[in-house]
Amino acid sequence: MNKWAVYDKKSLGSLPHSIENVTFLTKTGSQASSFSGVLLWNLLTIAGIKTAATRHGQFQYVEITATDCYQVVLALADLDPRFGGEQVLVADSQNGSSLGSDIGFARIILPGDKFGGRDVFWVTRIEVLSGPPPH
Numbered sequence: 023m024n025k026w027a028v029y030d031k032k033s034l035g036s037l038p039h040s041i042e043n044v045t046f047l048t049k050t051g052s053q054a055s056s057f058s059g060v061l062l063w064n065l066l067t068i069a070g071i072k073t074a075a076t077r078h079g080q081f082q083y084v085e086i087t088a089t090d091c092y093q094v095v096l097a098l099a100d101l102d103p104r105f106g107g108e109q110v111l112v113a114d115s116q117n118g119s120s121l122g123s124d125i126g127f128a129r130i131i132l133p134g135d136k137f138g139g140r141d142v143f144w145v146t147r148i149e150v151l152s153g154p155p156p157h
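Counting in this note's numbering, the sequence shown runs without a single skipped number right up to 157 at its last residue.
Keep in mind the hints are simulated off the structure, nothing from the lab.
Be careful, since some hints might not be right.
As the list claims (entries may be wrong) - Keeping only pairs whose Cα atoms sit at most 30 angstroms apart, straight-line, the calculated DSBU-like set for lysine-lysine is:
#1 Lys32 x Lys72
#2 Lys31 x Lys72
#3 Lys72 x Lys25
#4 Lys136 x Lys49
#5 Lys31 x Lys136
What the hints assert, rightly or not - Each pair of labels, with its calculated beta carbon distance range:
#6 Asp135 x Cys91: 16 to 22 angstroms
#7 Phe81 x Asp30: 30 to 36 angstroms
#8 Ile125 x Ile41: 15 to 21 angstroms
#9 Ser55 x Cys91: 21 to 27 angstroms
#10 Gln53 x Tyr92: 17 to 23 angstroms
#11 Ser56 x Trp26: 30 to 36 angstroms
#12 Ser33 x Gln109: 32 to 38 angstroms
No residue lacks a Cβ here, since even glycine has one placed at the ideal position from N, Cα and C.
Given these sequences and hints, build the entire structure.
And the structure:
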């Protein structure tokens, strides 16, 4: 994808939102929260991502980077509704309130993660990249 799209708090907030109720395990027990935001797949689609509808066209991945250089990599096929359809959320609110300045205006939420280890705070960049096809 050779196209750039830039979103700030206002532009992200103007896009259609979904709600995900998640529970994470923490050092002190379970923590349940309700997050609202844009599904990552929808955000990529709005930005103009092009994918092939075959498994051989899915050698692409999404690299999400935070301000502290923490990164999470997700297979694009896992997000694509024609394949995995994971409901990864680019959240801008938690429990009905905007995200605080301690974690940035957007946070990546993967509802199936038990410990939230792939959540990304202070998201600065989301890139779609291509890897080489397998031999």
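Hint check results:
1. Lys32 x Lys72: Holds, at about 25 angstroms.
2. Lys31 x Lys72: holds, 25 angstroms
3. Lys72 x Lys25: Since the Cα atoms of Lys72 and Lys25 sit roughly 10 angstroms apart, the hinted pair holds (cutoff 30 angstroms).
4. Lys136 x Lys49: holds, 12 angstroms
5. Lys31 x Lys136: Holds, because 27 angstroms separates the two Cα atoms, which is no more than 30 angstroms.
6. Asp135 x Cys91: 16 to 22 angstroms: Because 20 angstroms falls inside the window, the suggested range holds.
7. Phe81 x Asp30: 30 to 36 angstroms: holds, 31 angstroms
8. Ile125 x Ile41: 15 to 21 angstroms: holds, 18 angstroms
9. Ser55 x Cys91: 21 to 27 angstroms: Distance hint for Ser55, Cys91 holds at roughly 25 angstroms.
10. Gln53 x Tyr92: 17 to 23 angstroms: holds, 20 angstroms
11. Ser56 x Trp26: 30 to 36 angstroms: Given range 30 to 36 angstroms: holds, Cβ gap about 31 angstroms.
12. Ser33 x Gln109: 32 to 38 angstroms: violated, 21 angstroms
Comparing the model with each earlier hint shows a violation of hint 12 alone; every other hint is respected.
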